[in-house]
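Add 15 to a position in the sequence shown, counting from 1, and you land on the number used in the working numbering.
Some clues are possibly wrong.
Stated by the list, open to error - Pairwise CB distance ranges (calculated):
no., residue 1, residue 2, range
1, 56, 31, 20 to 28 Å
2, 34, 72, 42 to 50 Å
3, 59, 38, 50 to 58 Å
4, 80, 46, 31 to 39 Å
It should be emphasised that the hints constitute simulated quantities derived from the structure, not laboratory data. Remember, it's a predicted structure, so these values are computed and weren't measured experimentally. Just so you know, even glycine gets a beta-carbon here, dropped at the ideal spot from N, CA and C.
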Amino acid sequence: MNDEPEISPDLPINDGQWAIDHSEDPDKFVTITEKNRDLAHTYHDRLCSDADMIQFAKVTDDDPDTLMDMSRRE
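Make a model of the complete structure from these sequences and hints.
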């Protein structure tokens, strides 16, 4: 008895199309590429450094905007 899943000879179906066919939200299915992963790491690093900078500004009674290279989005 073979317990391995059967592989379809057809091309793989798009995850978004599979979700639509099975009444699921296609936005929940995302293909993560190496570029997406790297961008997520970069975003996380920037977020952490901004949080550290704001904490430092609170401790030293400085204005965080003067310590940042960019202005806050409004």
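Taking the hints in turn, this is what the structure says about them:
1. 56 <-> 31: 20 to 28 Å: 25 Å, holds
2. 34 <-> 72: 42 to 50 Å: Given a distance of about 44 Å, which is inside 42 to 50 Å, the answer is holds.
3. 59 <-> 38: 50 to 58 Å: 33 Å, violated
4. 80 <-> 46: 31 to 39 Å: 38 Å Cβ-Cβ, so the 31 to 39 Å window holds.
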